Amino acid sequence: MAQKVVEEAVVAVTEPAVLIHRIALLFSPGRHWLLLILASLPAFSLFATVLPEDRADVMYHRYDGGGVEVDGPSILVRKSVMDTVSLSANYYVDSISSASVDVVSTASPYTEERTETSLSMDYLHNKTLMSLALTKSDESDYLSETGSFSISHDMFGDLTTVSLGYSVGNDDISRNGDADFGDQVKRQNYRLSLSQILTKNTILGVGWETITDEGFLNNPYRSYRYLDPLAGNGYSYLPEVYPRTRTSNALALRLKYYLPYRAALSSEYRYFNDTWGVDANNFELAYTHPFKEKWIFDIRYRYYTQDGADFYSDLFTRRAPQTYLARDKELSSFQSHTLGLAMSYEIKPGFLQFVDRGTLNLAYDYIHFDYDDFRDLTRGGVVGEEPFYSFSANVIKAYVSIWY
Amino acid sequence: MLTNHRLLPLVLLLALTGCAIEPWVQPYERARLADPIMSFERDPVANGFRHHVYQTREAARGAEGGGGGGCGCN
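Residue numbers (our numbering), protein chains in the order written: chain L, 1 to 404; chain F, 1001 to 1074.
Derived by calculation from the structure, the hints in this document are not laboratory data. Computed from a prediction, not measured in an experiment: that's the story for all the values here. Note that the Cβ used here is the ideal one computed from N, Cα and C, for glycine as well. Treat the hints with caution; some may be incorrect.
Said to hold, decoys possible - Stretch-level coverage of chain F by chain L, calculated; a stretch enters the list once three of its residues show a Cβ under 8 Å from a Cβ in chain L:
#1 1022 to 1036
#2 1047 to 1057
Stated by the list, open to error - These stretches of chain L come out as covered by chain F in the derived footprint (C-beta under 8 Å, 3 or more residues):
#3 58 to 67
#4 271 to 282
#5 355 to 367
To be verified - Here's a subset of chain L near chain F, in silico, CB distances under 8 Å, partners left out:
#6 Pro-73
#7 Leu-251
#8 Lys-397
Go ahead and model the full structure; you've got the sequences and the hints to work with.
Right under this line is the structure:
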């Protein structure tokens, strides 16, 4: 019996996530002596730093809301080699068709496609995991390349995992139909995160990220609105002007709690601010409930609120009253509510011999946005007193995951 | 009140024993924590997309958990 358990534990060290769970279940209180045998194995730990699991995901995603439709595939393949290295590749497409409220007011509806490809390598050395990733995002008028490095380490009896990350990205921006326009953005991300086992039922996660941008930071197609007595409808538009630098900070706290029966409760709070005067808070509560071995159901509620940027206005009193001018609704004051439902069904595709298990997944999010100072000009009204804008979005994710 | 001089041995002691802190949750008590439903990142592809949806419609960004890294897609 002990021999069998030890053999299983050795397997668990190499294929951790699922098998570790099964192994751990063997430790009923009367079997603590087994632990002594296992503890004598070098580097054995039930929560040690491990390579990500070998898996592949194929997803179809669709977003539909506010006159914007985005859909496309995402494919992720991850495979480890030599027990210490894991390689992954991700291919992602957004096919965008936009007739959003700002586009309808100031420009023509458009369609475009964004393709994102990522390659990453993780290297495990003792209790330290190092990751390197390269990402390229390509649109007809926006090219972005990002390199990321992160390192994470387990300490204090593997109760604590500390991670540090750094990314640097360069974006090349152009404007369709304007060969003379071209600009750039340089972006740097600094991340610090900590995962802490608090009790045998509770995990705490803390994350901090500072992001700095330098360059052309507004959308080259968007305009601000100002009162213009000479215009027939009382207002006119001019291209937005943003600062050429931005630094933002985000602090997130996450708690995950295993309930007295097999189900999990999770919560998240994040505080955000930036040098443009934006303050934001979001709070999330989620419940995960497995059902009859093969099913897992998730329900999630998220609330988000932000105060707009200092240089945002729905309607400026005159042409160029200040240096920076924005009427991008993402920089206004607003709230959003998300209700998310997801279900997952485990499968054993017998015809694929190399596959250990798989899941079929479907997730739906309903998101509602309410703007406090962005007005819906398509609905008419006295200038500056048009109704405030609000819209709802439906987001669908359908995906298949396999582990091998 | 402790002076710096008196603190020094304490700091040294902590430094020496810091790597050998007795875990208050023993490995055999972590079965529940190792259950996949307790993972912060159970579905990396779906989570990545969810963060992308929020990033393009909200000013807030960063500390989303998972890989992160900023796709530069505005």
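Hints and how they fare:
1. 1022 to 1036: holds (count 15)
2. 1047 to 1057: holds (count 7)
3. 58 to 67: With 3 residues close enough to chain F, the hint holds.
4. 271 to 282: holds (count 6)
5. 355 to 367: Result for this restraint: holds, n = 4.
6. Pro-73: 10 Å, violated
7. Leu-251: 6 Å, holds
8. Lys-397: 5 Å, holds
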